[in-house]
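Go ahead and model the full structure; you've got the sequences and the hints to work with.
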Amino acid sequence: MSKKELLNEIKQVSDSFLDDMLALLKTKITKERLDMLLSITNPS
Numbered sequence: 099m100s101k102k103e104l105l106n107e108i109k110q111v112s113d114s115f116l117d118d119m120l121a122l123l124k125t126k127i128t129k130e131r132l133d134m135l136l137s138i139t140n141p142s
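Note that the sequence shown covers residues 99 to 142 in the numbering used here.
Everything labelled a hint here was simulated from the structure, so no lab data went into it.
Hints are supplied without guarantee of correctness; some may be wrong.
If you anchor each label on the Cβ, the simulated ranges turn out as follows [to be verified]:
| hint | residue 1 | residue 2 | range |
| --- | --- | --- | --- |
| 1 | D133 | S100 | 47 to 53 Å |
| 2 | E130 | E107 | 30 to 36 Å |
| 3 | R131 | N106 | 33 to 39 Å |
| 4 | P141 | K101 | 57 to 63 Å |
| 5 | L132 | I108 | 55 to 61 Å |
| 6 | M99 | T125 | 32 to 38 Å |
| 7 | E107 | P141 | 49 to 55 Å |
| 8 | K102 | K126 | 46 to 52 Å |
| 9 | P141 | M99 | 57 to 63 Å |
| 10 | D133 | K101 | 46 to 52 Å |
Keep in mind it's a predicted model, so treat the numbers as computed, not measured.
Every residue gets a Cβ at the ideal spot worked out from N, C-alpha and C, and that includes glycine.
Below is the structure:
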């Protein structure tokens, strides 16, 4: 495997890792928003 191929592999892995992290953050934020909305519309 050439150095260029190796760098491409690393880039693909880090790109998908970043995508996963972003998706997780979005999900977490969305869940917090939902919880907030629920507590506003349905105060316990």
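Outcome of the hint check:
no.: 1; hint: D133 / S100: 47 to 53 Å; result: holds (49 Å)
no.: 2; hint: E130 / E107: 30 to 36 Å; result: holds (35 Å)
no.: 3; hint: R131 / N106: 33 to 39 Å; result: holds (37 Å)
no.: 4; hint: P141 / K101: 57 to 63 Å; result: holds (60 Å)
no.: 5; hint: L132 / I108: 55 to 61 Å; result: violated (36 Å)
no.: 6; hint: M99 / T125: 32 to 38 Å; result: holds (35 Å)
no.: 7; hint: E107 / P141: 49 to 55 Å; result: holds (52 Å)
no.: 8; hint: K102 / K126: 46 to 52 Å; result: violated (36 Å)
no.: 9; hint: P141 / M99: 57 to 63 Å; result: holds (59 Å)
no.: 10; hint: D133 / K101: 46 to 52 Å; result: holds (48 Å)
When held up to the earlier numbered hints, the structure conflicts with 5, 8 and fits the remainder.
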